[in-house]
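One line per chain: the protein sequences are A and B, in this order.
With the numbering used here applied, the first sequence corresponds to residues 11 to 119, in that order.
With the numbering used here applied, the second sequence corresponds to residues 9 to 122, in that order.
Take these hints with a grain of salt, some might be off.
Beta-carbon label-pair distances, calculated as ranges [claimed, not checked]: (1) B:His93 <-> A:Ser69: 21 to 29 angstroms; (2) A:Leu29 <-> B:His15: 34 to 42 angstroms; (3) B:Glu71 <-> A:Val23: 25 to 33 angstroms; (4) B:Ser26 <-> A:Ser69: 35 to 43 angstroms; (5) A:Gln91 <-> B:Phe47: 45 to 53 angstroms.
Hints in this document: simulated from the structure, not taken from any laboratory.
On a predicted model such as this, the values are computed, not experimentally measured, just so you know.
Using N, Cα and C, we set each Cβ at its ideal position, and we do this for glycine too.
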Amino acid sequence: KQEVTQIPAALSVPEGENLVLNCSFTDSAIYNLQWFRQDPGKGLTSLLLIQSSQREQTSGRLNASLDKSSGRSTLYIAASQPGDSATYLCAVSLRDMRFGAGTRLTVKP
Amino acid sequence: GAVVSQHPSWVICKSGTSVKIECRSLDFQATTMFWYRQFPKQSLMLMATSNEGSKATYEQGVEKDKFLINHASLTLSTLTVTSAHPEDSSFYICSANTGSRGYTFGSGTRLTVV
Numbered sequence: 011k012q013e014v015t016q017i018p019a020a021l022s023v024p025e026g027e028n029l030v031l032n033c034s035f036t037d038s039a040i041y042n043l044q045w046f047r048q049d050p051g052k053g054l055t056s057l058l059l060i061q062s063s064q065r066e067q068t069s070g071r072l073n074a075s076l077d078k079s080s081g082r083s084t085l086y087i088a089a090s091q092p093g094d095s096a097t098y099l100c101a102v103s104l105r106d107m108r109f110g111a112g113t114r115l116t117v118k119p
Numbered sequence: 009g010a011v012v013s014q015h016p017s018w019v020i021c022k023s024g025t026s027v028k029i030e031c032r033s034l035d036f037q038a039t040t041m042f043w044y045r046q047f048p049k050q051s052l053m054l055m056a057t058s059n060e061g062s063k064a065t066y067e068q069g070v071e072k073d074k075f076l077i078n079h080a081s082l083t084l085s086t087l088t089v090t091s092a093h094p095e096d097s098s099f100y101i102c103s104a105n106t107g108s109r110g111y112t113f114g115s116g117t118r119l120t121v122v
């Protein structure tokens, strides 16, 4: 059974810092990996999608990498802003999608 | 594109009543939809996979008679929480696989059973 782990569980940084969120998964047989953002009490916003054949994807200040063989992905956020404060979820999919527990990020002004 | 519309966004019901949650794919056809539940400060847990025209597949520990799933068309899946109890209070969210664009999610339903 696929298990997804995210480290750290919570992170608090001052505005402007670059930061890295980590995700690991136990079964490398995945179709793709997706990073989401979830604001309190809200649904999910897709940030980046990495197909299993890809190594990384970039969108603005966000960069996600995927090392399928080692079962790892990282989400890099450059020049963090208070508006980036949210929970970031990593999810892997094959026949369905499995989520990590998330990293709760707080960016202090 | 690839939008999933979910409603209601929130609902309060009395214990023992049933609540129906709908998810519609607006601009694509979804032969399969997924239903998740999220308790406060926890991650999303897959409850069941909804298959158009056939029975849903439930994850271990999820009562199929309590969480009724119907996927009668290529654009609509419904989850009915039957005889709801306070412990069923949670955030329910559906998703569909759009293929090359990955999974897209509904906006979620906050269920409170009093």
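Okay, the hints, checked on the actual structure:
Against the hinted window of 21 to 29 angstroms, the Cβ-Cβ separation of His93 (chain B) and Ser69 (chain A) comes to about 42 angstroms, which falls outside the hint. The hinted window of 34 to 42 angstroms between Leu29 (chain A) and His15 (chain B) holds, with their beta carbons roughly 35 angstroms apart. At about 42 angstroms, the CB distance of Glu71 (chain B) to Val23 (chain A) disagrees with the hint of 25 to 33 angstroms. Between Ser26 (chain B) and Ser69 (chain A) the Cβ separation comes to about 41 angstroms, which falls inside the hinted range of 35 to 43 angstroms.
As the Cβ distance of Gln91 (chain A) to Phe47 (chain B) is approximately 29 angstroms, the hint placing it in 45 to 53 angstroms is violated.
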